[in-house]
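*Asks:* Sequence:
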Amino acid sequence: RRWQHRSAIKVTNEPILEFKPGSPERAALQKALADLKGKTEAIPCVIGGEEVWTPTVRYQLSPFNHAHKVAKYCYADKELINKAINAALSARKEWDLKPVQDRAQIFLKAADMLSGPRRAEVLAKTMVGQGKTVIQAEIDAAAELIDFFRFNAMYALELEHSQPISVDISTNSMVYRGLEGFVAAVSPFNFTAIGGNLAGAPALMGNVVLWKPSDTALLSSYAVYKILLEAGLPPNVVQFVPADGPVFGDTVTSSEHFCGLNFTGSVPTFKRLWKQVSENLDRYRNFPRLAG
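Positions 221 to 512 (the numbering used here) are the ones given, in order, by the sequence shown.
The set of hints was computed from the structure by calculation and includes no laboratory data.
Hints may be right or wrong, so weigh each one.
Taking lysine-lysine pairs in the DSS-like style, the calculated list, with each CA pair at most 25 angstroms apart, reads [stated by the list, open to error]:
{"no.": "1", "residue 1": "LYS292", "residue 2": "LYS257"}
{"no.": "2", "residue 1": "LYS230", "residue 2": "LYS303"}
{"no.": "3", "residue 1": "LYS251", "residue 2": "LYS292"}
{"no.": "4", "residue 1": "LYS446", "residue 2": "LYS318"}
{"no.": "5", "residue 1": "LYS329", "residue 2": "LYS446"}
{"no.": "6", "residue 1": "LYS292", "residue 2": "LYS259"}
{"no.": "7", "residue 1": "LYS446", "residue 2": "LYS257"}
{"no.": "8", "residue 1": "LYS230", "residue 2": "LYS313"}
{"no.": "9", "residue 1": "LYS289", "residue 2": "LYS251"}
{"no.": "10", "residue 1": "LYS313", "residue 2": "LYS446"}
{"no.": "11", "residue 1": "LYS491", "residue 2": "LYS298"}
{"no.": "12", "residue 1": "LYS257", "residue 2": "LYS289"}
{"no.": "13", "residue 1": "LYS240", "residue 2": "LYS446"}
Work the whole structure out from these sequences, hints included.
*Replies:* Now the structure itself:
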C-alpha cells in the first residue's frame, strides 16, 4: 500500500557561484586543486558493497597534462560483471518496496552535500580529470548535478502524489514500481552531471543499476558515487563497474535480467547495443527499455 504514503516538495535551481578573488568558494576550490596536484587516486570496482581490486588496471590522464595520471582504476571482466548483476538483483525487491520519499531523501541529501561541503572536491576532480574551466565545471558538476538530484526527487514525489479519482465503494490508485531486473547506466566522458543522473534517476524510481562510467571521467564519477553512498544509498542498489565497453555491453545484454539501458555516448555505440538487445530479445524476462 505504498500509494498511501505521499508528500511533495518544492525546489529551486542551484545558484551558480562566481569564484571571485577573495571568495570562500574560490579558496576552497584552490585548496582542492592543490590537494590533487601530482596525485593518483586508486579506484576499485564496487560490487555488492565491497571494493574489488582486479589485475586489469587502466589510467585516467589529465587531458591538459598527460604526465599526470589522475586515477588508477580497475576493469571488471565478464565474471565480475555477472557478479555485479547478481548483487544488484539481491537488493531489488527491498529497494523497490522502500517508499519513494525515503529514496528521494537520499538524493536530496546528496544534492546538499554537493552544494556545500563536497562542491570543491567534485569541481576540482572535474577540472583536472576532464579539462574544464572553473565555470564549465561549476555549471556541470555542481549546478546541473544538484538540479538533477533535487528536481528528479520532486518529480518522483509529484508522480505518486497525482492519483486517479475514486468513487464510493471503490478505490483507484496508481503505483509506480521499479523494473523487474537491472538497469545498465553507461555514462559519457564530458559531463560529470550526466553520469550521476544516468545512474541516479533509475535508482530513485526503485531500480537497481550497474553504472559503467567513462574511462576518461573515472575520477569525478567515483567522487559522485561515494557521495551517493554517504548520503544513504544502500550499497547494492548501484554497482560501480568500470569496464571495457564491448565487454560490459555484451555481458549485460546477454543477461535474462537485463531490463533497461540509460545511455549517453556515440550513435554507433548506441546502435550496437540496440542491435544486441534485439538479437537477445527472446531470452529476456521483460521487454527492456532503452533510453539514449
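*Asks:* Hint by hint, which ones does the structure fall short of?
*Replies:* Those not satisfied are hints 2, 8, 13.
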